[in-house]
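Generate coordinates for the entire structure from the input sequences, incorporating the hints supplied.
Protein chains in written order, with my numbering: chain Z, 1 to 114; chain S, 1 to 117.
Hint data in this document are derived by calculation from the structure and do not stem from the laboratory.
Just so you know, these numbers come straight off a predicted model, no measurement behind them.
Treat the hints loosely; a few may be bogus.
[Unchecked claim] Label-pair ranges, simulated between beta-carbon atoms:
(1) S:A17 to Z:G28: 40 to 48 Å
(2) S:Q112 to Z:V74: 29 to 37 Å
(3) Z:E52 to S:G29: 26 to 34 Å
(4) S:K69 to Z:D18: 40 to 48 Å
(5) Z:E52 to S:S14: 34 to 42 Å
(6) Z:Q84 to S:T114: 27 to 35 Å
(7) Z:P8 to S:Q45: 48 to 56 Å
(8) S:K69 to Z:D63: 34 to 42 Å
(9) S:S26 to Z:D63: 43 to 51 Å
(10) S:Q45 to Z:S58: 22 to 30 Å
(11) Z:P70 to S:H10: 29 to 37 Å
(12) S:A16 to Z:R81: 30 to 38 Å
(13) Z:D63 to S:S14: 25 to 33 Å
(14) Z:R15 to S:P55: 47 to 55 Å
[Claimed, not checked] To be clear about the criterion: a stretch of chain Z counts as covered by chain S if any three or more of its residues have a C-beta under 8 Å from a C-beta of chain S, and this derived list gives those stretches:
(15) 14 to 27
(16) 34 to 43
(17) 65 to 75
All residues carry an ideal CB built from backbone N, CA and C; glycine is no exception.
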Amino acid sequence: GAGVSQSPRYKVAKRGQDVALRCDPISGHVSLFWYQQALGQGPEFLTYFQNEAQLDKSGLPSDRFFAERPEGSVSTLKIQRTQQEDSAVYLCASSFRDRGLEQYFGPGTRLTVT
Amino acid sequence: AQSVSQHNHHVILSEAASLELGCNYSYGGTVNLFWYVQYPGQHLQLLLKYFSGDPLVKGIKGFEAEFIKSKFSFNLRKPSVQWSDTAEYFCAVTRSISSGSARQLTFGSGTQLTVLP
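Here is the structure:
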């Protein structure tokens, strides 16, 4: 596709609900990153995939966060039992090169937990 | 761990004024440096990048940045801003590669630039 796409663009969840956020990277891009951006802050790294392999998940804030990229293209970030502190914009970025030197960002999913 | 500081949270300028946004990073090794811009309602876009070589890099829309290794700085400049430059600007750093390490970006907290017509 022309760029990285993410869906949904906005998600409101009640505390305790599970959510799934989708990322469609640019076709052929090897690397895929997830970031979390809290209000008034810069994005913070969550996890990284090279093709279908999740090589780094050191930024995931708790075991309620889970990400997958089973076929090496589309990725899903799942948050179980959402909490208010999970409210943020979740950004996906992809890169042609392995280990992601130049990253292209999607529009993000704004998650609000009430 | 590496970190990035952007000291100006909000900058307000009139059109045609000159711009300089500060960015300092902390990391002792070799780094790659980036400036991203986010226009209202749009996604993050790469403005310019520094990998190696000439420390003065030129990006899109007349922006440039200078890498000063001794000061751990990568300040963004533009000689004459336009109303359309109103946006949020993020400085980011990634450490140069070590085998198997992801090049995740570490971002500063951003600077909101407002240009008055």
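Tested hints:
1. S:A17 to Z:G28: 40 to 48 Å: 42 Å, holds
2. S:Q112 to Z:V74: 29 to 37 Å: Hint holds: Cβ distance 33 Å, inside 29 to 37 Å.
3. Z:E52 to S:G29: 26 to 34 Å: 30 Å, holds
4. S:K69 to Z:D18: 40 to 48 Å: Since the Cβ atoms of S:K69 and Z:D18 sit about 46 Å apart, the hinted range of 40 to 48 Å holds.
5. Z:E52 to S:S14: 34 to 42 Å: 51 Å, violated
6. Z:Q84 to S:T114: 27 to 35 Å: Roughly 30 Å apart at Cβ, these two residues keep to the hinted range, so it holds.
7. Z:P8 to S:Q45: 48 to 56 Å: 22 Å, violated
8. S:K69 to Z:D63: 34 to 42 Å: Roughly 40 Å apart at Cβ, these two residues keep to the hinted range, so it holds.
9. S:S26 to Z:D63: 43 to 51 Å: Violated, at about 30 Å.
10. S:Q45 to Z:S58: 22 to 30 Å: 26 Å, holds
11. Z:P70 to S:H10: 29 to 37 Å: Distance hint for Z:P70, S:H10 is violated at roughly 42 Å.
12. S:A16 to Z:R81: 30 to 38 Å: Violated, at about 52 Å.
13. Z:D63 to S:S14: 25 to 33 Å: Because 50 Å falls outside the window, the suggested range is violated.
14. Z:R15 to S:P55: 47 to 55 Å: Holds: the Cβ-Cβ distance is about 49 Å, inside 47 to 55 Å.
15. 14 to 27: violated (count 0)
16. 34 to 43: holds (count 5)
17. 65 to 75: violated (count 0)
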